[in-house]
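Colleague: Chains as they are written, first to last, in this note's numbering: chain A, 1 to 228; chain B, 1 to 342.
No wet-lab data here; the hints were simulated from the structure.
Using N, Cα and C, we set each Cβ at its ideal position, and we do this for glycine too.
Warning: the hint list may mix true and false statements.
As the list claims (entries may be wrong) - Pairs of lysine-lysine residues, derived as DSS-like cross-links and limited to a Cα-Cα distance of at most 25 Å, are as follows:
| no. | chain 1 | residue 1 | chain 2 | residue 2 |
| --- | --- | --- | --- | --- |
| 1 | A | Lys32 | B | Lys175 |
| 2 | B | Lys175 | A | Lys222 |
| 3 | A | Lys226 | B | Lys175 |
Stated by the list, open to error - Take a look, some chain A residues computed to stay more than 10 Å from chain B by CB distance:
| no. | residue |
| --- | --- |
| 4 | Thr85 |
| 5 | Tyr105 |
| 6 | Gly131 |
| 7 | Trp223 |
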Amino acid sequence: MNVLAIDTSNLVMGVAVATEQKVLGELTTNSKKNHSERLMPAIAELLEKVAIQPIDLDRIVVAEGPGSYTGLRIGVTIAKLMAWTLKKELVGVSSLEIVAQNGRYFDGLIAPFFDARRGQVFAGLYEMKDGAIVQVVPDQLVLIKDWLAELSKLNKPVLFLSNDFDKWGELLRTYPFAVLGESTQNVPRAAELARIGIQKKPVLDIHHFLPAYLRLAEAEAKWLAKQE
Amino acid sequence: MNVDVKKKTMILGIETSCDETAAAVVENGTVIRSNAVASQIDIHRRFGGVVPEVASRHHVDQITLVCEEAMNNSGISWDDLDAIAVTQGPGLIGALLVGVNGAKALAYAHQVPLVPVHHITGHIYANRFVQELEFPLIALVVSGGHTELVHMKEHGSYEVIGTTRDDAAGEAFDKVARTIGLPYPGGPEIDKLAKGGQPTINFPRAWLEEGSLDFSFSGLKSAVINYIHNEQQRGHELNHADIAASFQESVSEVLVKKTMIAAERVHAKQILVAGGVSANSKVRSEMERAANTRGIPLSIPPLSLCTDNAAMIAASGTIGFLKGMRADLSLNGKANLAIEDF
Ligand SMILES: [Zn+2]
Chain A
1 MNVLAIDTSN
11 LVMGVAVATE
21 QKVLGELTTN
31 SKKNHSERLM
41 PAIAELLEKV
51 AIQPIDLDRI
61 VVAEGPGSYT
71 GLRIGVTIAK
81 LMAWTLKKEL
91 VGVSSLEIVA
101 QNGRYFDGLI
111 APFFDARRGQ
121 VFAGLYEMKD
131 GAIVQVVPDQ
141 LVLIKDWLAE
151 LSKLNKPVLF
161 LSNDFDKWGE
171 LLRTYPFAVL
181 GESTQNVPRA
191 AELARIGIQK
201 KPVLDIHHFL
211 PAYLRLAEAE
221 AKWLAKQE
Chain B
1 MNVDVKKKTM
11 ILGIETSCDE
21 TAAAVVENGT
31 VIRSNAVASQ
41 IDIHRRFGGV
51 VPEVASRHHV
61 DQITLVCEEA
71 MNNSGISWDD
81 LDAIAVTQGP
91 GLIGALLVGV
101 NGAKALAYAH
111 QVPLVPVHHI
121 TGHIYANRFV
131 QELEFPLIAL
141 VVSGGHTELV
151 HMKEHGSYEV
161 IGTTRDDAAG
171 EAFDKVARTI
181 GLPYPGGPEI
191 DKLAKGGQPT
201 INFPRAWLEE
211 GSLDFSFSGL
221 KSAVINYIHN
231 EQQRGHELNH
241 ADIAASFQES
251 VSEVLVKKTM
261 IAAERVHAKQ
271 ILVAGGVSAN
281 SKVRSEMERA
291 ANTRGIPLSI
301 PPLSLCTDNA
311 AMIAASGTIG
321 FLKGMRADLS
331 LNGKANLAIE
341 DF
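Starting from the given sequences, assemble the full structure and let the hints guide the process.
Modeller: Written out as structure tokens, the structure reads:
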């Protein structure tokens, strides 16, 4: 199975091409965003380098969120349109689950998170079980203080993986159970996305496949609050 | 430059600049093979206007559906397409990005050229579904986002000779409608209400400096709001129909006069009116009368093509395609974009 994996859910832009047995190519940047300008050329370049035509793909796997709303829409739109028009399978994978793969072999819990402003983070909890990373607590939008309080009750070491330690590292280090990931562990890898995407079931309705924003648009939230 | 408009071309257009997700296939820039539009009006009504984040989310939900409908109804296959034309801007950036990235994915998947389109040129080219353009022409583009007078010397050549200095005309319609308690979108509601009223109130007309072709509608909007406020303070009963009729009279008088001045200045052989506000019955009838008096042919697209759609993007994209305009896979959406570059 030839798989194209796409992740533009956060600062990192990742593209990979893989089969069940082999990673054929991977492209990762962790700097400027500009995903709208760079993603499609990156996909074209990588596919050309690994000598795979778009039509020879079997499945497109995309990081579905949580993350930057704009980033998610760029990745999901391109994945959707390619899958739909080329009649290929489409798979969505949690953006946090991709990062969690980098905590493999850690003896404890794995807590990837993305900053979500206003003291909040998009966070999930994972652990390794029978050789695979499985979810312990669903991905959610949570105040980081509340999240840390919840994790401290578990009495286990927790490996935090995030590109946002500039902002939250200092706070995390005040918790004795917290272990902070190395720079290489904090970057989601599109090849991991491809690997877990191969194991998942494709979406049934490509048309209505949407990013997992995990947060309502502000106007919608306000409108709903007013209805109560 | 010379555009060979007789060459047969088949273009898929994609439009997501505001609150309509749209795709269409157009033949030769003049024949609509298919025209799919998913409108979000009902979704934004409860907010009283278009919410960019909500619009962007709905575009992702609708984009493959409208493309599928457009391709299925066109009677052609991907191999028959000469190019994919997409609105690059101006518009809501988050909304534009869905169309632009979707178009890039399609262009790449099918190895078809990609043509960037300026949204306003789309509104202008909606007229080409009605009759052939005659140059030089003056196009008045009026919508919730734009009030522009564009001078065209030939196909694919655009010069803005007048623009609004504050609110767009359609914006003024929406705000006045809200003030008198009409639902969103306000334009059609004011039009309906005005039919039962008389233009008895003398609201201001902003002519600006002598000879200026620019517009200003914020003063008019404030004048209407002040009038309502004053009348209420005096305990007078408001006649909403008269307010709507008077406001509409003021807007259309300015739009029509400035368009005629522009047309005479460039010796226009044709006047085009496009954009959402060209659906307004007062603007239409006054424009017709003024153009008739001067003997200048007037073209206003049918109501269904006045609002945002992708057929108009494909029509303008056809000209861009024939002119040799191409975008590569790094094409990005732009909230602001100069029409002169297209
Ligand atoms: Zn428009």
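Colleague: Can you name, in rising order, the numbers of the hints this structure does not satisfy?
Modeller: When the structure is compared with the hints, numbers 1, 4, 7 turn out to be violated.
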